[in-house]
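In order, the protein sequence lines correspond to chains F and R.
Using the working numbering, the final residue of the first sequence is 600, and nothing's skipped along the way.
Using the working numbering, the final residue of the second sequence is 600, and nothing's skipped along the way.
Just so you know, the hints here were simulated from the structure itself, not pulled from any lab data.
Heads up, a few of these hints could be off.
Copies of one chain are not kept apart here, so a pair can be met inside one copy or by any two copies together.
[What the hints assert, rightly or not] The calculated DSSO-like cross-link candidates involving lysine-lysine, where the alpha carbons are at most 30 Å apart (straight line), are:
1. Lys206 with Lys159
2. Lys559 with Lys294
3. Lys356 with Lys122
4. Lys552 with Lys161
All of these numbers come straight from a predicted model, not from anything done at the bench.
There are 2 protein chains.
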Amino acid sequence: MEISRQQFQSKIETIREAIEECDFIAVDTELSGLHRPGGSKRLDTLDNRYTEYKEATERFQIIQFGFCTFTWDERSGRYMAKPFNFYIFPTGTTGRIQPNRVFMTQAQAFDFLAKQSFDFNKWVYQGIPYLTVTEEQEYIAEARKRIRDDLPDIRIDEKEKLFVEDAKKKIAKWVENPKKTDDESGVNISTRNAYQRRLIYQEVRKSFPDLTAEGRTGFIRIVRLTEKQLEKRTNEQMARVQKDCDDAVGFRKVIDMISASRKMVVGHNMLLDICHIIGQFIQPLPDNVNEFKKLAHKVFPYMVDTKYMCAASTELQSRIGAGTALENLRFETNQELFKNPYVDMSIEFPRYLHDKEHEAGYDAYITGLVFLKLHSYLEIQANPPPPKAPEEEIKQEEPEPVKEEVPEEERKRRGNTDGWDVSDEEGEDAAWLESDNEDDQFNQDDEEDVYNYGSTRYPLFDQDRQPASVIANYVNKVVMVRTAFLYFDFIDTETIDHTIDAFYITSSNTQQPSPLPQADILALFAEYGKCIIDTAGDDNDASAFVVFENLKEDPNAVKENVLKGLAAEEIKDVQIETIAKYYENVLLLRNNVGQEINKE
Amino acid sequence: MEISRQQFQSKIETIREAIEECDFIAVDTELSGLHRPGGSKRLDTLDNRYTEYKEATERFQIIQFGFCTFTWDERSGRYMAKPFNFYIFPTGTTGRIQPNRVFMTQAQAFDFLAKQSFDFNKWVYQGIPYLTVTEEQEYIAEARKRIRDDLPDIRIDEKEKLFVEDAKKKIAKWVENPKKTDDESGVNISTRNAYQRRLIYQEVRKSFPDLTAEGRTGFIRIVRLTEKQLEKRTNEQMARVQKDCDDAVGFRKVIDMISASRKMVVGHNMLLDICHIIGQFIQPLPDNVNEFKKLAHKVFPYMVDTKYMCAASTELQSRIGAGTALENLRFETNQELFKNPYVDMSIEFPRYLHDKEHEAGYDAYITGLVFLKLHSYLEIQANPPPPKAPEEEIKQEEPEPVKEEVPEEERKRRGNTDGWDVSDEEGEDAAWLESDNEDDQFNQDDEEDVYNYGSTRYPLFDQDRQPASVIANYVNKVVMVRTAFLYFDFIDTETIDHTIDAFYITSSNTQQPSPLPQADILALFAEYGKCIIDTAGDDNDASAFVVFENLKEDPNAVKENVLKGLAAEEIKDVQIETIAKYYENVLLLRNNVGQEINKE
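Model the full assembly from the supplied sequences, consistent with the hints where possible.
Here it is, written out as structure tokens:
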């Protein structure tokens with residue numbers, strides 16, 4: 001379902017319902033540009049990568065957001081998917097609060113989107129604006145001040161002094177004896193411009209603190225309100241502010257609802273998505289990566305990255321291999337082994353009955369679909385179903401499932417099917433016959449006989465609201481490529497990837513770090529195989545990584561030999577560490593000094 | 001005529017023809033954002049304004065460019081307009097040279113364009129890319145180096161040493177006696193990757209300087225070329241580079257053609273357009289405003305701003321008034337007094353037979369149309385036509401033209417009409433009759449009897465290629481609002497606008513300039529009327545302008561009184577100058593120190 005700016009308010013309840021009813025939510029974004037275009041680093045530090053992503057969130061915008069809810073339907077034995085697609089554009093044409101936003105666009109990013117038939121007119125003409133949490137708070141604080149008349153005094157122009165005096169006299173006369181004036185219930189002061197209005201408000205506040213000035217078109221009416229009336233008036237004004245704000249919050253409502261649901265949020269290679277979602281809709285990202293982790297975990301308490309699952313699970317890797325791009329995962333999980341569970345598009349969500357790759361809503365749908373298949377596969381691997389009757393035997397190329405006793409309880413939990421064989425053709429025929437019965441079509445009720453696809457739901461959480469054991473290891477860890485870490489961890493410290501062959505080079509003169517003689521260093525390392533050198537951060541090229549494609553020799557021996565070579569060429573002040581040693585030091589520092597490490 | 005990316009190359013000759021044949025060219029741009037959004041300064045310095053515009057050119061992009069040529073057609077006694085409209089998008093999908101561009105977008109600017117039905121899909125899908133002059137030069141220098149084999153040596157990997165030795169032996173064998181080898185005319189070395197190819201090029205260059213290595217698919221062929229063959233080869237390679245470059249230059253060709261034509265370029269409030277055109281298509285704008293003036297004047301030697309004409313000409317002001325917005329000028333010049341000359345859309349350019357306001361091509365057309373009317377009006381005012389016969393007398397509300405003898409020569413120059421009365425109804429009828437004559441329609445030739453609209457062309461240049469006297473004063477001066485100058489002058493120093501009531505305030509402690517106590521200063525000035533205070537530049541609020549809506553008292557007296565007031569409140573280190581004095585100082589400095597002033 002694509003929801004435009006014009007439909008947004010009227011569709012909020014549809015969105016809320018989908019989020020509230022569902023088992024989990026998959027998300028995806030399309031961006032106006034990517035971080036550090038043209039950068040080609042092979043190895044990066046965690047802090048450096050985070051800083052890159054943070055800067056990207058300050059430059060570029062999410063221009064399309066997609067999410068897809070997946071809801072188990074017990075009666076039909078399948079999941080129902082509801083994919084939503086939104087264009088996001090910070091238009092200033094709706095509502096009374098209009099932040100003026102300037103953001104960056106990367107031509108190559110638009111070229112990429114154009115290849116996927118992205119509709120840039122829908123983006124600008126129908127994209128939904130938003131207010132961040134921070135912006136909303138600031139606006140409300142400002143409005144509260146205004147309503148409480150808590151404004152600084154302004155000076156009275158010489159030529160307006162008479163105007164103010166006349167007004168004061170008129171008000172004083174009414175105060176003295178309202179019944180003697182034309183209008184017993186209040187007194188009106190005509191004003192010609194905003195300046196005069198401001199002066200009247202100010203004067204009433206100062207000279208008649210028990211009266212209230214109310215703006216009207218062309219004049220100000222001064223009345224005496226009871227405390228109750230005053231309270232009512234303030235409440236009305238604050239309600240109006242709240243309404244304006246509510247309108248302006250716009251698309252952020254969707255993010256707020258997803259966050260408040262505390263449901264599992266699934267993405268594919270999702271670190272950059274999460275950074276952009278938080279930076280654009282919640283608040284500017286903190287400088288410190290640990291602060292960011294805390295914030296992100298608060299917003300989305302259970303994140304799962306399908307790319308990380310495939311990279312980290314040996315079972316999935318041996319089945320799927322190294323191709324963890326979303327399209328590839330979709331292809332792989334289309335195979336017989338990943339048949340469970342059955343997933344259908346909800347009837348009101350027909351948009352993706354045909355493929356629409358790289359539309360955020362579609363990619364979110366595919367991500368969630370893949371997640372269900374991967375999860376189910378892992379569950380089946382952990383607790384294989386009982387062996388089949390011979391005529392239903394599994395094809396030869398498939399590995400024989402490990403035979404294992406399934407406890408009665410577990411069997412009950414999985415429902416009355418065998419867990420993944422849903423090819424019940426007889427049942428299917430019956431369903432078709434049924435839907436041909438016109439009487440039944442018009443007499444549907446809760447007791448209706450629905451066709452059951454017989455697929456199995458594996459709960460994502462256990463009774464204690466802990467993620468299910470087979471996926472627990474993947475929750476709140478996401479892929480982080482081109483670093484020496486196996487993943488980015490929202491909860492804990494990252495684990496080093498010991499398979500990377502690399503060295504960390506620094507100027508050993510810590511007093512006056514100078515740029516490294518990169519060419520000489522690389523030349524010496526190149527004796528041991530193909531390698532490249534990358535600067536390690538924004539520190540004036542005084543540190544670098546040398547990364548090997550495939551180092552056959554012992555890293556410590558290579559290190560010693562290169563150091564000897566440097567000495568022979570009289571190159572001084574260069575320090576070399578193996579990557580393992582380097583990252584151990586970093587993690588040690590991080591754990592000991594806590595957040596201090598992030599300022600290194 | 002709207003020209004897309006896909007049509008661009010095939011339409012180049014149509015564009016060239018229009019530019020070459022025309023009398024002048026009107027231009028307009030649409031931008032992805034405006035300089036300093038939300039800024040509300042009432043008074044600005046020239047340098048500050050230029051810096052703002054320069055920064056805007058570095059941030060935002062021209063996303064649509066329009067120009068319209070106007071060509072006098074003697075036979076039909078009218079101008080023929082050819083409006084062109086181009087979307088500009090720096091796509092990386094065409095050609096071999098693909099700069100990766102990142103630019104800013106201001107949501108409010110897109111909102112504005114959306115109100116005019118701007119087509120953002122055409123922008124991204126059909127927008128034409130470009131290469132600046134600077135980028136083209138860099139690319140060609142780089143390619144020349146590559147072709148001349150002028151590349152730095154790379155180190156030979158240990159494991160490739162054997163490969164290189166074998167190749168050398170094979171080449172040496174062929175050199176010794178080509179006839180003894182399989183292939184008398186050259187020797188082929190198979191390569192597995194780019195690294196091996198690079199090594200072979202390098203080795204041939206070093207060990208066989210009289211041979212030439214030529215890349216083929218999967219191998220490198222080494223041959224002996226004569227000097228003539230070598231030259232031919234180099235020329236072919238350079239031609240290929242030139243062709244790639246030519247493709248990549250893209251839309252800049254249009255700007256180059258307009259510039260090379262040295263024709264009059266007309267805009268409306270055109271300073272920002274000119275800044276963006278030069279910054280986006282020629283080279284980054286210089287830091288110094290005088291350098292910019294020189295550069296702009298070199299690119300467009302005769303610029304005319306219709307808004308400036310109307311603001312600066314007392315004749316036009318008394319006729320048109322203060323409303324110098326383009327739509328207003330169009331309305332005003334639609335009146336009887338501005339009937340001359342008659343302008344028609346060229347037959348192949350039907351796009352703007354209906355209005356399309358704020359499409360760049362349309363706005364360029366209207367700008368040129370207005371310019372022709374204004375110019376003609378000024379010519380007629382300077383040399384009124386002879387008085388009419390009584391029955392044709394001018395309506396009462398129109399001012400009686402000053403009676404003046406028109407010299408015989410001048411009358412001849414203007415052609416055989418009276419200069420602005422083209423309501424020759426008899427002739428019009430004749431024309432209609434004529435076009436009904438079918439025989440004639442299919443027998444048109446150069447001698448054909450064309451209906452003459454009888455309007456008058458006033459040349460834009462005199463015999464010495466100097467701008468015509470009635471517009472000479474407006475050439476190369478453009479409107480610059482919210483400054484104390486009457487205009488921005490591309491040739492000369494600007495003139496002060498003495499009608500502005502303002503003061504320039506600085507910290508008089510020039511050693512340690514501190515932020516001014518703005519509120520206190522404003523309070524003292526406010527005694528003399530409505531005024532606002534603006535910081536004057538990026539100098540830590542240590543300088544400011546106080547601008548009055550309408551100051552009735554003598555500025556020098558006000559200055560003295562405010563200084564006294566400051567003293568009474570014990571506010572020190574504040575210096576006050578009247579705006580006239582301030583700008584005189586600035587101009588004096590500028591003239592004396594030349595460009596030094598721009599660094600102030």
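Verification of the supplied hints:
1. Lys206 with Lys159: Within one copy, since 20 Å is at most 30 Å while 90 Å is not.
2. Lys559 with Lys294: neither (38 Å within a copy, 58 Å between copies)
3. Lys356 with Lys122: both (16 Å within a copy, 21 Å between copies)
4. Lys552 with Lys161: Close across copies (18 Å), not inside one copy (90 Å); limit 30 Å.
Comparing the model with each numbered hint stated earlier shows that hint 2 is the single one that does not hold.
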